[in-house]
Every structure is written in C-alpha cells, then in structure tokens.
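Turn these sequences into a full structure, and let the hints steer you where they fit.
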Amino acid sequence: MIEHNKYILDNSPPALNVGKWQKIVDLIAELYDAPCGAIVQYIGNEFKTVVTTRHDNAFMKEGGSFPWEMDSFCRHIIERSESLYVKDAPNHERWKNISPVSEGGVQSYLGMELRWPDGKPFGTICVLDKQSTEYKDAYIQLLEQFKELVQADLELIQQCERLKVMSLSDDMTGLFNRRGFFTLGEQKLKLAKRFGSPVGLLYLDLDKLKSINDLSGHHVGDKAIRELADVIQSNVRESDLAARLGGDEFVIMAISQDTGALEHLVERIHRSLDRASERLDIRLDLKVSIGCHLFEPEEANELEDMLRFVDRLMYEQKQQATEDSVKKG
3 MIEHNKYILD NSPPALNVGK WQKIVDLIAE LYDAPCGAIV QYIGNEFKTV VTTRHDNAFM
63 KEGGSFPWEM DSFCRHIIER SESLYVKDAP NHERWKNISP VSEGGVQSYL GMELRWPDGK
123 PFGTICVLDK QSTEYKDAYI QLLEQFKELV QADLELIQQC ERLKVMSLSD DMTGLFNRRG
183 FFTLGEQKLK LAKRFGSPVG LLYLDLDKLK SINDLSGHHV GDKAIRELAD VIQSNVRESD
243 LAARLGGDEF VIMAISQDTG ALEHLVERIH RSLDRASERL DIRLDLKVSI GCHLFEPEEA
303 NELEDMLRFV DRLMYEQKQQ ATEDSVKKG
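Residue numbers for the sequence shown follow our numbering, so the first one is 3 and each next one is one higher.
These are calculated hints, taken from the structure and not from any lab test. All values reported here derive from a predicted model rather than from experimental measurement. Glycine included, C-beta positions come from ideal geometry on N, C-alpha and C. Hints should not be assumed to be uniformly reliable.
[As the list claims (entries may be wrong)] Quick list of simulated restraints, FRET-style, between CB atoms:
1. Q322 x L158: 46 to 54 Å
2. D173 x Q321: 28 to 36 Å
3. V167 x E306: 36 to 44 Å
4. V167 x N99: 28 to 36 Å
5. K63 x S85: 20 to 28 Å
6. M72 x L29: 23 to 31 Å
7. K89 x E48: 23 to 31 Å
Below you can see the structure in the form of structure tokens.
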C-alpha cells in the first residue's frame, strides 16, 4: 500500500484557508460546466472528501469517504502517481464496472495527484461529469493550475507544522519544552477525563547538577542533561508525553497506567541512568530524584496543580536522599 501523508488536514495549522479550496472547486464546476469538482485526501486506509462543489447534483459529499480497497479513480492516480482522464467511463472496459460509474452515474472523470512538499501523496483534485466529455488541452492545463494553487497551500501547512514543532521542542534534548508539555498535556488531560482514565505524572530532577558544572564544567553538565533525556525517551511509551521543563527538570505524563506500572517506570529510569553513567567519558555518578503520582479521574483537574503536587513529592525525595547521604557520611 502507498505510504500516506503524516499531516492530517483536521489538525493542520489555522494558516490554511479551506474556504479558498471551496472557491476553487466551485469555480472548477462552473468553468467545466460539470456538476462536481472536488479535493479528496488520502488518509490511512481511506479517501476522504475535503471539499466538493456545493451543488445538489454533486457526486461527492463533503466529509464522505470510501476505502482504499475499493477500485476507484483516486486509487489509480495515487498508485501510479499520474493524472487520469476518462472521457466516457460507461463504455471504457477498465472503468465501466466500478461503483462510481455503474451505480453513481459518473461518465467523465479528470483528476490529478496532489502531493505534500516532502513527496508523500496528499490526494487528488478532480472534476466529474454525468455526461461524456472532450476536454481540450487548455482545460487539462487549467486543472493543472488549480492543482498548483492547492499544493502551494500544502507547502504552507508543512512549513507551519515545522514551525509549530520547533516552538514546542527543546533544542538541547529534542523532547517537548514547557510550552509543548502544557499545550499537549492539556489535550491529553481532557481526553483522559472524557474516558475516565487515570493520569500518571512523574517529575524528575537531576541530582547535584551544580556540583557537576562546578567540578567538570557546564559542557559535562549539559551532557548529563542529555543523557537523562535519552534515558527518559528510551523508557516511555509512544503514547506518553515527555518534556524538559527547563534546566535539569523533566516531566512525564502517562495515561491509562496503574500505580505498579508507574513505579516500574521509575525503576527502569533509575537503572537506565546508572548504565548511562558508565558510558560517559569521565567517571560521573548520575542520579535523579523522581516525584510520582497516579491521579484518578476525579483528581485530575488543573494540570498546573497536578504538576506542583508531583514537584513537591520530588523535592521531598531529594531532601530525604540528602539527609540519608549526610547520615552515611
């Protein structure tokens, strides 16, 4: 199956004006004297109609979808990465038996592939008619121009997506930054409340970073921070949210976990950090203090308050570790 695009229109930045696409497909229908112009997106295992001509006789309805497995003009275009013009579908051996023709009344189809700037397929732009057609080259070139207009918008989406990722990411570690944590964390919290799922929070603080910086230099301190970030990234699930809040402070949000699973995650992080210490080019005993709590659905209210709670647990653990170290000393 063709690899589909990773950008979903419903989640695209507000810079995209789908209203402009509506004007394009309406203009297509008018210029081609056809009942339907449409822009169709290929997402996962199906095709979804993003916009279509606002006409009672339009073949396609906005928001409608059909599966990849169904034989269709759109699938043909995406599979072969080429334009398609079928002048008289009911009398065409290849196309006369597909459902849009045999059941939907489509007699003519002209469509072109739309691609994201990174080369992955977005979908198609097309014009459909209930009668056979004989489009001159100028009309085919005209649809090519409409295609270029849409692809310019797709480039804008991709650029905005990159900027959004940059603004939510931490440069040093590649994890989300504080803004990213609260932006995405609020969304995850709302979903957890909706489905009654518990929310696990871990607040992590690297121990003795100031001593590391003073004794070995800030470049070693930065390396220690990156080591902890790598440990966190290698131990969380894809569905978890991991972020560097600033300095040597990190947070992990895990949805639908239980207390035992969170405690196991804490243990894995400690063990992995011990192994990471051995990989550094100098002898350095990396340790981390972790505040951990599983918030039941009725407890999970304000993310700021939840974060302060686990921060306090982390601080208490750090104080206890310091006291224990003094006693041993």
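Provide an ascending list of the numbers of those earlier hints which the structure does not satisfy.
Result: hints 3, 4 break, sorted rising.
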